[in-house]
Amino acid sequence: MNNLISGKRTSGKRAPNAARSAWLSGPFIGFVRKEFFHIIRDKRTLFILLVMPIVQIIIFGFALTNEVKNSSIAVLDESKDEATAGLIQQIDASNYFTVKKTFSSVQEIEPEFKKGSIKMVMVFPRNFAEDLKHFNKAQVQLISDASDPNLANTMNAFATSIIMDYQNRINNDLKLPYTIKTEVRMLYNPQLKGAYSFVPGVMSMVLMLICTMMTAITIVKEKELGTMEIMLVSPLQPLKIVVAKAVPYLLLSVVNISTILLLSIYVLDVPIQGSLLLLVAESILFTLTSLSLGLLISTGTDSQQTAMFISLTGMFLPTVMLSGFMFPIENMPLPLQIISNIVPAKWFYFIVKSVMIKGVGIVSIWKETLILAGMTLFFLLLSIRKFKIRLA
Amino acid sequence: MRTLKFLLQKEFRQIFRDPAILRIIFIMPMMQLLFLPMAADYEMKNIKLTVVDHDHSSYSQQLVSKITASGYFKLNNYTASYETALEDIEHEKSDLILSIPRRFEKDLVKENESKVFMAVNAINGVKANLGGAYLNMIIQDFNREVRLKWVQFPRMNPEPAIEVTYSNWFNQLMNYKFFMVPGILVVLITMVGSFLATLNIVKEKEIGTIEQINVTPIKKHHFILGKLIPFWILGLAILTLGLVIARLFYGIIPAGYFYTIYVFAAVYLFSILGLGLLISNYTSNQQQAMLISFFMMMVFILLSGLYTSIDSMPGWARMITQLNPVTYFVEVMRMVVLKGSGLQDILPQILTVLAMGLFLNSWAIFSYHKRS
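Top to bottom, those sequences are chains A and B. To get the numbering used here, take the position in the first sequence, counting from 1, and add 1471. To get the numbering used here, take the position in the second sequence, counting from 1, and add 162.
It is possible that part of the hints are untrue.
[Stated by the list, open to error] Over 12 Å on every C-beta distance to chain A, these chain B residues come out as not near it, computed from the model:
(1) R164
(2) E173
(3) M299
(4) K381
(5) L387
(6) L405
[What the hints assert, rightly or not] Here are the simulated BS3-like cross-link-like pairs (lysine-lysine), alpha carbons at most 27 Å apart as the crow flies:
(7) A:K1694 with B:K367
(8) A:K1664 with B:K236
(9) A:K1694 with B:K311
(10) B:K311 with B:K172
(11) A:K1829 with B:K311
(12) A:K1604 with B:K210
(13) A:K1551 with A:K1604
(14) B:K172 with B:K210
(15) A:K1694 with A:K1551
(16) A:K1652 with B:K381
Hints listed in this document are in silico derivations from the structure and should not be mistaken for laboratory results. These numbers were taken from a predicted model, which means no experiment stands behind them. All residues carry an ideal CB built from backbone N, CA and C; glycine is no exception.
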């Protein structure tokens, strides 16, 4: 693979090294060109491969947030006094909630929940302001549609903090003794933007998809159509044929890496804190890992549907589920936490997050880098071995 | 009718003779249904905490033990230097730093006011926000306890307090699996409906057998029905399998009626298969078809409200969700399974998806040509 990279860079010049010139000799370049034509002539596929990262970045960056924003809620206000009016206005003015409906009886709640038009109901009992003034104590009830427990939890927490804010404003005049004040600082992502955790995730997803699935499928396609036989009887070594198939996808991935990085900097405002060179180098390493995984899959399958099935269930889903960017790994049951260690994307996600957002250097991520390199080597050796067995 | 019968026979044989397809149909749903709900858990627990204690007083220790006893936080490190704590965050060993300054206890008792400092790893914004909020709540609680100890309050509470009570409907146990499993079922049915049907037709194109069908007197609508019906039946079979798994492994019994789910699924499969046909009409090989359906499915599934709430999305994304059949099925599934909604409640969704299906299928029939 090393030869492959250096070969790509020095192509055109006369290579001094004999071993290197073997890679650069006519037939190999010819095969690489053939693969390029395959990809470039299939306009629809090429379009999707290049547009996919853009669409993903935009969807993930803008549309997919776990934040609670503009949740539709309803109010059941039985006291209708200045205190409840003030509170409702506070809630409605916040980014989190929009008061959509006003109920006058408890019976109205369930049908609305069943229609799914509101997510939470705030219930104020009779004499809210009176109780607050005279007994220094009043009650609010939050009824939430907990079919989505996360949303319900978050809504409860946000509504409570708005209510507490309101209460503190009333209390402002009273100077209370023995107060602990808290000061919070958000590290790395002071505006709490979702893109900070999604960009590294999308990068691992796109690279995994393009490199693993596409390489596996293209090789298997040649097997299925019978053209693989034709190539195998050519004088070129089988290993070189396979490498020639991988080169175009490596280049395509480099294009995609640049697109993703440019989009995240200029569209999503996620800056690269660490070294760009290190980030790109690590991405290429991960691309190689995925490519070799694709090769491995292709050696073991002989129909496109099976190849797709394996790359999808075996590679893609674990990448999405177990790399930690969508679902926190520490919340998973222990067996899944252990399995997550063999998912290459998990390590890559950690690396990108560290370099891009925390801005650390190679010193902090050498362990993860080594793991990825080791995985690449392992997949490559295994697929070369399996490939030879098939040809024997 | 006879032609259709033979076509159906052919399709079913083809499907059941291909081990790869059978694997896709039966293993994939099992795997996803068994693993995904376990992995997809956003609940905040085990937030890793590093405490920097410069005070080492009895109050600072009380505060720390109150925090760890809450169940949300796991004390990862207890140190005296802020630098060490920052390193913990850098290496992902810790999500949150609580720094207690020197003279914390003294200031609190003598000056009536003291301060603690929190630093949160905010790369995951939501987690940071919630983690910070929980910690704040615990500290306020602790504050109240301290105050109670030092101040002789008069009979009546001098501090006006609004008490908030919560009640969570439809999912009292707040079990995330009850929410995720119905949604994942939708994804499975969608995958079977769109991927398999598309691939099936495109494969005939790639291998050339479609030419053979084209030269026979088989009518356009017979051919399309012959492709639609088997996958429609398979989709419903997957749904049944999924419901059985949901019941056996997760103990999920729909609050509503089963027939409501099946009525909607039947309509939904009709429209999603139409989409599959459409994709196959506009692609010429399997690789292309896979990539395009994968791309569309990804957008559809991500923008369906399965993982994140639609309300939080910006306007343009909400528009897309309304044109997306997956959104409606996810919504209906959750309504029927969790809230027990009936046919009347989901009528708008049924009509929308039916309209989509009619549109997609007419387009598919219109764009299918027997001449190549």
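List in ascending order the numbers of the hints, as given earlier, that are violated by the structure. As far as the earlier hints go, 3, 9, 10, 11, 12, 14, 15 and 16 are violated by this structure, in ascending order.
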